[in-house]
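**Student:** For reference, the chains in residue letters:
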Amino acid sequence: DGGITQSPKYLFRKEGQNVTLSCEQNLNHDAMYWYRQDPGQGLRLIYYSQIVNDFQKGDIAEGYSVSREKKESFPLTVTSAQKNPTAFYLCASSHPGVRRYEQYFGPGTRLTVT
Amino acid sequence: GQQVMQIPQYQHVQEGEDFTTYCNSSTTLSNIQWYKQRPGGHPVFLIQLVKSGEVKKQKRLTFQFGEAKKNSSLHITATQTTDVGTYFCAHGGGGNKLTFGTGTQLKVEL
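Sequence lines, in order, name chains Y and D.
Under this note's numbering, the residues of the first sequence are numbered 74 to 187, in order.
Under this note's numbering, the residues of the second sequence are numbered 1211 to 1320, in order.
Just chain D, same shape as in the assembly (with noise of 0.2 Å):
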């Protein structure tokens, strides 16, 4: 499948300060899912980008796809504790097939 590059692999942050991780593909993609998982946890979807330039928001976080649709943002404005956990963008090809990125670990520090 499409291969999926994301940076940061870490991220230690104060609480409060902003986070942001990307997701790079050297081709186009059709779509971007991004989902959370909580140390110890499993993956919860968050949201999926599919439309070029395309900007959703859920109340701190902010999901963008490229022009290109090539790459992909989440930021995370005044980071909190709850925000502790791995970030993983994915995308969906044939067969309902998922290939996820590598994920960006990010910590909150008080």
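With the rest of the complex left out, here is chain Y (with noise of 0.2 Å):
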């Protein structure tokens, strides 16, 4: 079955310490994405990346940072820097044309930083 895979799908660690998500996927998606969403509220992008080898800041990279060095994978790091870190996160992929807004989520991983 073709899908992202996001892992632990819940995580637990304390403050000070860097953590690294899992996002994994075999859809031959050129294109990956980090958003965050907290309760209640819409989903907010952290990373993303167009090809590998390659990644832009979205509207709240800071604190975070990623790697791109396969098509395949695209983690995430969640830093000490981080104020907030206490979050879902939710990694998505699609391909480039008429359906690059047609993004394909993984299950997500909840963080809670004590």
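Keep in mind the hints are simulated off the structure, nothing from the lab.
One should not assume that every hint holds.
Reference listing, derived: stretches of chain Y covered by chain D, where coverage requires no fewer than 3 residues with Cβ under 8 Å from a Cβ of chain D [said to hold, decoys possible]:
#1 119-130
#2 141-155
Calculated lysine-lysine pairs in the DSS-like style (CA-CA distance at most 27 Å, straight line) [as the list claims (entries may be wrong)]:
#3 D:Lys1280 with D:Lys1266
#4 Y:Lys143 with D:Lys1307
#5 Y:Lys156 with Y:Lys130
#6 D:Lys1279 with D:Lys1269
#7 D:Lys1307 with D:Lys1280
#8 D:Lys1269 with D:Lys1317
#9 Y:Lys130 with Y:Lys144
#10 D:Lys1307 with Y:Lys156
#11 D:Lys1307 with D:Lys1246
#12 Y:Lys82 with D:Lys1246
#13 Y:Lys87 with Y:Lys144
#14 D:Lys1269 with D:Lys1280
#15 D:Lys1246 with D:Lys1317
#16 D:Lys1317 with D:Lys1266
#17 D:Lys1246 with Y:Lys130
#18 Y:Lys82 with D:Lys1307
#19 D:Lys1261 with D:Lys1317
#20 Y:Lys144 with D:Lys1307
#21 Y:Lys82 with D:Lys1269
#22 D:Lys1307 with D:Lys1266
#23 Y:Lys144 with Y:Lys82
#24 D:Lys1280 with D:Lys1267
#25 D:Lys1307 with Y:Lys130
#26 D:Lys1307 with D:Lys1261
Values in this document were obtained by computation on a predicted structure and should not be read as measured data.
Where is the CB? At the ideal position from N, CA and C, for every residue including glycine.
With the hints in hand, could you dock these two chains into one complex?
**Tutor:** As structure tokens, this is what we get:
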């Protein structure tokens, strides 16, 4: 089955620790995205990548970092500099072209930092 | 990116009643996407609208894009419990980026 996997589903960390969230897709999509969702709110774009070895900051990139060494993988690191890291993190991917706004989402990772 | 405001924020309906959520922008939008997120789940793409005045239907769901391309609506006829979730509109801009609205949370009571 083609799709996007994110692991783990739930993640707990102590304040001051960096943590890396995994995102893998086998849809052969060029573009990948990371969003943050807070309770009762919409999705906010953290980082996105349109092609391997290239990525751009989204609207709320501060305190986060990414890499795109492989087409299938787009890991997100939440650093200790992120002031409010507790949130639901969603990874997505899409094809270029006319369907580029049809994004496929992974199941998400709920991160809790205490 | 361009801001899209979505109303209402919450809607409770009795099963069988209709439901509508609206997405508004102060500027012209080149496109609108609609997504649905079930409670505890992830957003799922429903549809894309790109033409002025466009209307698309998916079973009990009707999607409209305004003539001026500044607003859009999603209407559900005769809601069912399976319609529960949050509905988001989203505008696509440069770099394949999507800007999401704040969402409308729909609850359906039996």
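**Student:** Against the earlier hints, flag every one the structure doesn't satisfy and list their numbers going up.
**Tutor:** 2, 13, 19 and 21
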